[in-house]
Structure formats: C-alpha cells, structure tokens
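Chains A and B, in that order, are what the protein sequence lines are. Read in my numbering, the first sequence has 302 at position 313, and its numbers run on one by one without any break. Read in my numbering, the second sequence has 337 at position 330, and its numbers run on one by one without any break.
Any given hint could turn out to be false.
Unchecked claim - Below, in silico cross-link-like pairs of lysine to aspartate or glutamate (DMTMM-like), each with a Cα-Cα straight-line distance of 25 Å or less:
| id | chain 1 | residue 1 | chain 2 | residue 2 |
| --- | --- | --- | --- | --- |
| 1 | B | 527 | A | 225 |
| 2 | B | 580 | A | 366 |
| 3 | B | 574 | A | 351 |
| 4 | B | 563 | A | 92 |
| 5 | B | 563 | A | 133 |
| 6 | B | 174 | B | 37 |
| 7 | B | 563 | A | 185 |
| 8 | B | 563 | B | 577 |
| 9 | B | 563 | A | 330 |
| 10 | B | 574 | A | 223 |
| 11 | B | 580 | A | 207 |
| 12 | B | 528 | A | 226 |
| 13 | B | 574 | A | 225 |
| 14 | B | 574 | A | 293 |
| 15 | B | 583 | A | 185 |
| 16 | B | 583 | A | 330 |
| 17 | B | 574 | A | 25 |
| 18 | B | 574 | A | 226 |
| 19 | B | 527 | A | 102 |
| 20 | B | 580 | A | 227 |
| 21 | B | 580 | A | 330 |
| 22 | B | 563 | A | 345 |
| 23 | B | 580 | A | 345 |
| 24 | B | 584 | A | 330 |
| 25 | B | 273 | B | 259 |
| 26 | B | 580 | A | 144 |
| 27 | B | 574 | A | 79 |
| 28 | B | 563 | A | 102 |
| 29 | B | 583 | A | 25 |
| 30 | B | 563 | A | 227 |
| 31 | B | 563 | A | 180 |
| 32 | B | 563 | A | 189 |
| 33 | B | 563 | A | 231 |
| 34 | B | 583 | A | 351 |
| 35 | B | 563 | A | 114 |
I should point out that these hints are in silico values taken from the structure, not numbers from a laboratory.
Residue strings, one per chain:
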Amino acid sequence: MSSTLVPVAAGPLVDRSLFGVYLHVPFCRTRCHYCDFVTYTGMEALRRPYAAALAAEAELAVAALGDAGRPTVTSVFVGGGTPTLLPPADLARVLQRLRGLLDHAPAVEVTVEANPETVDRALADGLVAAGVTRVSLGAQSFDDRVLAALGRPHDAERVGLAVATLRAAAAAAGRPLDLNLDLIFGCPGEDAASWERSLEAAVAIGPEHLSAYALTIEPATKFGRMVAAGRMAEPDEDVLADRYERACAVLAGAGYAHYEVSNWARGRRAADGFPAHASLHNRTYWRRGAYLGLGAGAHEFVPEGDGFGPRRWNVPGVPEYLAAVRAGRRPTLGQEALDGEQARFEALALRLRTLDGLDGEEAGALGVDATGPAATELRSAGLLAPGPTLRLTERGMFLHGEVVSRLAP
Amino acid sequence: MPTELARLRNFCIIAHIDHGKSTLADRLLDLTHAVSERNMRAQYLDKMDLERERGITIKAQAVRLAHTADGVDYVLNLIDTPGHVDFTYEVSRAMAACEGAVLLVDAAQGIEAQTLANLYLALEADLTIIPVINKIDLPAAQPERVAREIEQVVGIPAEDMLRVSAKTGEGVPALLEAIVRRVPPPTGDPDGPTRALIFDSLYDSYRGVIAYVRMVDGSVRKGDRVRMVAAAGVSEAEEVGVFAPEAVATQELASGEVGYLIPGLKNVAQAKVGDTVTIAGQPSVEPLPGYREPRPMVYAGLYPIEGDDFPDLRDALDRLRLNDAALIYEPETSLALGFGFRCGFLGLLHMEIVRERLEREFDLELITTAPNVAYRVTVSTGGTVTVSNPSELPDPGAIERIEEPYVDAMILSPSDHIGAVMELCQSRRGTLQTMEYLSEERVELRYQLPLAEIIFDFFDQLKSRTRGYASLDYEPSGYRAADLVKVDVLLQGEPIDAFSAIVHKDKAYAYGRAMATKLKKLIPRQLYEVPIQATIGSRVIARETITPRRKDVLAKCYGGDVTRKRKLLERQKEGKKRMKQIGRVEVPQEAFVAALRTDDGDAGR
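The task is simple: from the sequences and hints, build the whole structure.
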C-alpha cells in the first residue's frame, strides 16, 4: 500500500504536513562485516523488556511535544538491527500504543525492516495483522559468494522465499503490502557479472521499491579493520560508478523511477513526479519533516517555529536506554541546535537528493540562485535539469555532493 | 670616558651552530662579571633576542667585557657574526670590525664547511686567529685529531691551540689571557675626521634604526649630525652607547670602540651594512673599504592564497624591509596565481626566514613558487636582459645566449663518502676544482656548480649521502653560458606560468615528466577530462590525463545520517573556497604548494 499523501511544505525549510515516528530495534543474531549501526548480538533476555520500553518512551515523547500540539502521524518506520527478532505480538503492541497516543493518517505508511531468514509465515501474518503496510528486506546481493563475504546470515534463495511468504500472508489477509529490497554494490567478491545478476534477480522478484547503496567502509567495522590492516582494498571509485550506472539502466528498463539518489520505486507518477510506491517515511527526512526517534540510538527531529532544529538522539546502549525510560526520562544522549545557515544548507542538500528538487522560489529562500552562474555551469555539465527548477539529472545523482557544494551560498 | 686604543681588543667567535658559541659567551660573561650572578642564565646573549622582540631591550650585537691582566684594565669587545652562507657579506663586515677571531671547534665534530668558510673570511680580513678546541670534557672528544685538521688550514702549530670546555669553564681564563696577548689593539686616528663602519643595523619599533658601529677614526657624540656615505643621508645622532651586555648610553664613542648609534632614521636601507658613518661638516673622508650593495642570489614568487590579501602582503613586505635591507621585491602578476611579488633573497635560508615571518607575524597564507636564479639572456636584437621569473624568458627564436650564475662550492666530507659526493656534484653539472685531505678522515672538495643546481635539494642530498656528516658552503663566482630551455606546464591547454621552469636541456624531459606525474597525483578529478602537458616551446615532452570524476558519495541518507552528511558537505564546500581556478580546473591550494615544493627527490632536476 502506498501513500497517496502529497506533502506540502510552507517554504523549503520544513514540511509540516508530514510527521513520522521512527522506532529502533537494536538486536541482531550476527553482525555483518560492513555494519556500523546501533545493534547488538545476544541480549536475548532484553528484547521483550525493550519492546515494552519503546511503548513507554513513546508516551514520554508525545508528552514532550507539548506545544507542538498533536500532529497526525503520516508514517511509522521500525528499523534496526533486525526488528523481526522481536515477537510480532510485541511489535504489534508498540504500534498499537502509538495509535493510542497520536492520530494516524488513514493512509499512514508503516514500514518494518526484516532479514530474509527471519521471515516465516507466522511472522508475516503477525506483521500484516499489526497494520504493517511495507516490509523492507535486506537482500544486499543475490550472489552467495558476496553474501558470505558480507557476513550476511542468508543465501540468495532465501530472499525469494521471504518475498513469497510475505505476499501470501498479505493476500490471505486481503491487505496491501509494499515490498522493498536493499542492495549494496562494490562488495568484495563482486564483479560486473555478479552485480548484473543481483539486479536482474531483484527485478525478477518484482518489489514495489528498491534501494541501492555503494559499500562504504566505516572504521569501527570488520571491513574497516581489514582495510586498515591492508587486507582489503577500498572499493574503486570507477567500479562503483560502473555499478551505479548499471543499476540506473537496469531499473529504468524495468519501469522503476529513480526518485532519490539511492532509491527507486514503481507506480503512477504524482504531479510532482514521485512514483506511487516511493517511501513516504524517507521522504519525510528529505523534506525536513518532523519525526520522533524512539529506541536506543534513535535520531529525532522536531523543529521549532523557525524550522531550523534541533536534532536529538538517544543513548545507544540498551541498559542505559532501559534505565532512563524506567525512570521516566527521555533517554537523550545529545542534541544539536541549528542556526539558519545550517538549516538552509541541510534543506538544500536534502531536497536535491530527490527528483523534484526545488523550484526557483524555494531555491531563493535557501539563498541559492537557481539560474545563476553556478547553476548554469552545472546545467551545461549535464548535472542539473534545465531551469528554472533546481533538480538533479540522473547524471547529477552521481555527483550530488559536488552539485550541493557548488550551489550552496 | 673613551678607552685608549691600546687597551681595546675587538674579536669575534667563529663557530658552527652546535659547537658551543653561546655557552662560551656565557662563560666569558661570567668570568668578566658582565652579568651579576643573580641575573645570569644560560645562553644569555641569545635569550636577549627574545626580550628584544617584546620591545624590552636591544639585541646585543657586540658585548663589552672588562678584563684586568697584569694590573691593566682592558676592554674586550665580542662581536657577533651570523653563521650562515646566505649572509657572507654581513659576516665579512662584522669581521672588518675586529682584529681577532676565536675559532671555536667542537673536539668531537671537527671543522664544518661554514666554519671553514668564515675562517677564510677572517684570514682574508687579516684577523689574528686563536684556535680553540671546545667540549674537551666529552668522552667522544678527539682534540688531537681536530687540532691537526686546524693546523693544516691555519698553519698555527697544534700545541698553540687552546683546549677548553665552555660547559665546565676549563681553559676559559687562559682564553681571556690569549685574547689580550695575541689579538692586536685596533688602529685608528682618535683625532682625525670621524669614520665608523656599520657592521649591522636593524629597525626597532621603539627606537627606530639602530646601527652597530665600529669606530675607526674620530668619535661620535649624541647630538652630532651624522652622514651615511653610501646611503647619502644626514640625520641627528639621538644616542650612542655600548652593550655591557645591556645597552648603556654613553656620551661618545671613540676610535677603536664598538657600540651602537641611533641615527634617528626610520628605514634600515638608510643605514646599510658596510657603509661608512661620518660627521656632516667635517672634511670629507675616504669611505671605509669593502662596501657592497646586497646582492640577491635566489628569487621566488610570493602570492597570497586569497587574492584579497594582496595589499596585506604588500604592507607586510614593506614592514619586513624596514629591518632587512637585503630583501628586494617587485609586484608581478601570474595568470595562475594572481597578483603577487617577485622577491629576491640572499639565499634559501633568507627566503625561509622571510616566508616564515610573513606567515607567522603577519598571518598570511602564501603560495611560494619554486626558488629560481636570475638568468642573463642575450637577445638576438642585441643587448641583454635579466630574467628572474622563468615565465618571462623570451622566445627561443629571440635568444642568442643564456647565462646562469655559478658558485664556488666547498664541501667537507668524511673520506668514506667521497664517491657519493662526487657523483652528486657531477649529476648537478659540477666541475671539480680541487680535492684536499684535511686529515685521513676528512676531505675538502671544491666544485664549481650552477647555482640553479644547488637551490633545490642539493644540500639535503648531500646530507643524506654522507649520513649527515658533510657540510657545504658556497659563494657566487660569475655567470656562464649554458644550454638552457624553458619548460612550460599546461593544464587543459592553458599554461600555468607558476610552473614554468628554466632547466638544462639534458634535464628537460625528466623535469617535464616529473611535473606531469606530480600534478596528476595532486590535482583532484574534475567534471571534465583534464590533459596535463609539459612543453618546450610548442613541443610536448610529457603528457598525463586526469580522467573526469564520475561519482560522489553514493550512500544512504536517512534521519540519523543527516548531521554527518551535512558536515561532510560543509567540508566539501569549504574545500572549494581553497581552490584556485585555472581555466575550468579547480586546483586546491595544497596542490599548488605541494607541486611547487622542491624537497622531494623526484623533481627531476
């Protein structure tokens, strides 16, 4: 089920028509070699208390909204870690509590991330029953060798099985369910042929949505240590460009719209060009819409009147998280106040990630001349679409950072 | 009360940088009770420099010591000499103020090339040499070997050489006695028309120009109207005095004495080193011999990284010049670097000092082009033109002859490494003049070399091939014709004048190759392909291509990523500000600086 909501911003700094809730579930059975997310292996005994704490934190968070009023929730996203390590009933309870605390839009998008090997019929039924409208599966690759090199706990075949199971559960319940597949390119053990096969396999499965990311090596990961020790080479820039180029070609050929630097989706195009099956929750990030962040390590953005900020984030450790919530405190670790310049810079960078970009007026409000010399040069370099809007071309998607740093005042 | 000539002794200490000059000076200050025990501290005279920077006191270029021997009160003036090859002229003028020189040599290290060079200057100036072997307290000391080395050069018997330890004080009283006995008193006419030698001058923000003078004939009093012969200026002497070691004003300075004169001037160029001071109105006199205009040897372009800082750079150079008569500069424009200055320096050290002061004291961020020498070009239409900016070399068709400056270089090396040293000199177009063994272990090599071959990494190469033991000194020795060509470097077809260089034709390919390779590594990929070419005239001698950049970061950007991503982009944007635009190519200023560095071995020269 996709959202038919068309976001409306009053100025490019903030989109107040959107309000998301992000919930983080920091548990995994094993840690993948590239992963630097907030997640822990083990801690089985803490999983159920954690779910209860999420609900309790939700209450604290909504109470803290205070003057911001009672917004209507337009999207919910449960990420991790592996959210599907929580029993579906526990997950359902949290989502239910949320509905009790805040009104939800009738077409609210509810996404849960899942690992392919955790999906069985019981789980799928549970998710559908809990009101989940999107499931995001971490496929990463359909080459078993690459999956092993990445440290993934599943093989290629498992993804197809998980998808089939989810589709069946949704059909049985008569509920719509969008599926997303995540893919990573530039992996060890991958060559052009391997990536081509992964793309084709993903397309063959027919998800409504696809995300593809270049492998980034973070220092505090197994890959990071291997690179530092000289046992693994960083992915080559030109190879990554080749992979991304192939993704653009294959996915376009299969009817997916490249609506954000790393995201593709199917479906009818709205007036702003967005495909129907685009992720509304992620769009909330890119349009600087507000969202609550619940759970260990979760990030939150509930802007004040001026729309600048702040951004907040929770403690990453599960025991501290539990202790804080039990004591009736929001488990905040840090907060960043933003000034106008930073907020405008963020808005420029984020809005340019999506295919709708900024119109001339919005660009002006951010201090950018959409028809000035920098923009003109970028157009002649083929990175920006013809004016007067400020939008990346597909080539421009490759060089988003370059475009932003040239345009920003 | 002026001291009569017979009781004066003017001397300097010639020593390599680590051989103990400061410590010896401390001991002399001690023994002569120049500084009270309460105020005494290590490296006393050196530290006075720091205080001077805070405006508290004036640098003591010449310290007046009192010593009684055989019931007679003597005045010993210790005159400081700069030690570096860049400042040979200043050294020679300071020596002209002396009658004697203490040659201080480390008992473990032996003579170094700079010490030898200064020693030759002292011999040329007819100074009485008192060889002193220092650090005899160290276990590694080999005083006998060092004494023999010195004997070979100076011709003084090894037994006559003093052995001291400046650290413990051993032998230093004997040194004082030797100075009194062996160094002759100054000569001069106390009643004749005034003549004084300026052997150093500096600009002090509180006191104005301070000239360090050695009185030859007559005297100078406060209030006299003094005239500088070469600088041709007249002004009123605000103060005269001596250093004991702090500045002490006196009524007059008389023949034979050494001290300071504050001539009421604002610019050191008006009180030049080597110039003669006289009294206006007195009968005109022969100026003292040996005066020379400062002669730059090495040139470089100095450009502010931010074009807007050009006026600040100009002001900074103007201010530096107040205190540095040898610094010359002229505005110039570079297509690549914008507005800047072509500066002339006495040598690489001088250049380093100036650059560092500009960056540190005036807070300027600069790009310095590679140092180059000045070429004398005879053009076919007749006449010669001096080229101190390589990109200004006339077209090859118009050139009849190019001459480059040469130097006489003296290298001291351990005998084990002669082969490596000779190979290095030969690879730098050097011709061997003489080779002499100072001892079994040490050789003195004299080579004639083009200055251009020295000003890059010659010194570093010399050191690394001799495990640090060799030392180098050189002096200009005229111009010679050579087969030189100009190599240009082009980015996307546009020549970057800052990278043009005049090189010997045999080295042109290597230089072009090295520059192209270096730039390919240093310049980041652009949105378009960037060809790099090195050319001689229109002939391409080396080529590299920088392929266009195809991608940025292609990672996800969700809620928790925003802050980090924003900071990354902010840095990317900041990086752009530090770019120099050459045509369509964005070159980070770090790349410019790195490309113009001369201390990497693959510069190909």
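For each hint, the structure was consulted:
1. B:527 / A:225: holds (17 Å)
2. B:580 / A:366: holds (16 Å)
3. B:574 / A:351: Distance of about 22 Å is within 25 Å: holds.
4. B:563 / A:92: violated (29 Å)
5. B:563 / A:133: holds (23 Å)
6. B:174 / B:37: holds (12 Å)
7. B:563 / A:185: Within the cut-off at roughly 21 Å; holds.
8. B:563 / B:577: holds (17 Å)
9. B:563 / A:330: holds (23 Å)
10. B:574 / A:223: This hinted pair holds, its Cα atoms lying about 22 Å apart.
11. B:580 / A:207: holds (22 Å)
12. B:528 / A:226: Measuring from Cα to Cα gives roughly 15 Å; hence the hint holds.
13. B:574 / A:225: holds (24 Å)
14. B:574 / A:293: OK: residue 574 (chain B) and residue 293 (chain A) at ~21 Å, within 25 Å.
15. B:583 / A:185: This hinted pair is violated, its Cα atoms lying about 36 Å apart.
16. B:583 / A:330: holds (18 Å)
17. B:574 / A:25: The given pair, whose Cα atoms are some 18 Å apart, holds under the 25 Å limit.
18. B:574 / A:226: holds (21 Å)
19. B:527 / A:102: Distance of about 45 Å is beyond 25 Å: violated.
20. B:580 / A:227: holds (23 Å)
21. B:580 / A:330: holds (13 Å)
22. B:563 / A:345: Given that 25 Å is the threshold and the Cα spacing comes to 18 Å, the pair holds.
23. B:580 / A:345: Roughly 23 Å separates the two Cα atoms, so the pair holds.
24. B:584 / A:330: Holds, at about 17 Å.
25. B:273 / B:259: It holds: about 22 Å lies between the C-alpha atoms, which stays within 25 Å.
26. B:580 / A:144: Since the Cα atoms of residue 580 (chain B) and residue 144 (chain A) sit roughly 42 Å apart, the hinted pair is violated (cutoff 25 Å).
27. B:574 / A:79: Distance ~37 Å between residue 574 (chain B) and residue 79 (chain A) Cα, so the pair is violated.
28. B:563 / A:102: holds (15 Å)
29. B:583 / A:25: Distance of about 30 Å is beyond 25 Å: violated.
30. B:563 / A:227: holds (19 Å)
31. B:563 / A:180: holds (22 Å)
32. B:563 / A:189: holds (22 Å)
33. B:563 / A:231: holds (18 Å)
34. B:583 / A:351: holds (24 Å)
35. B:563 / A:114: violated (30 Å)
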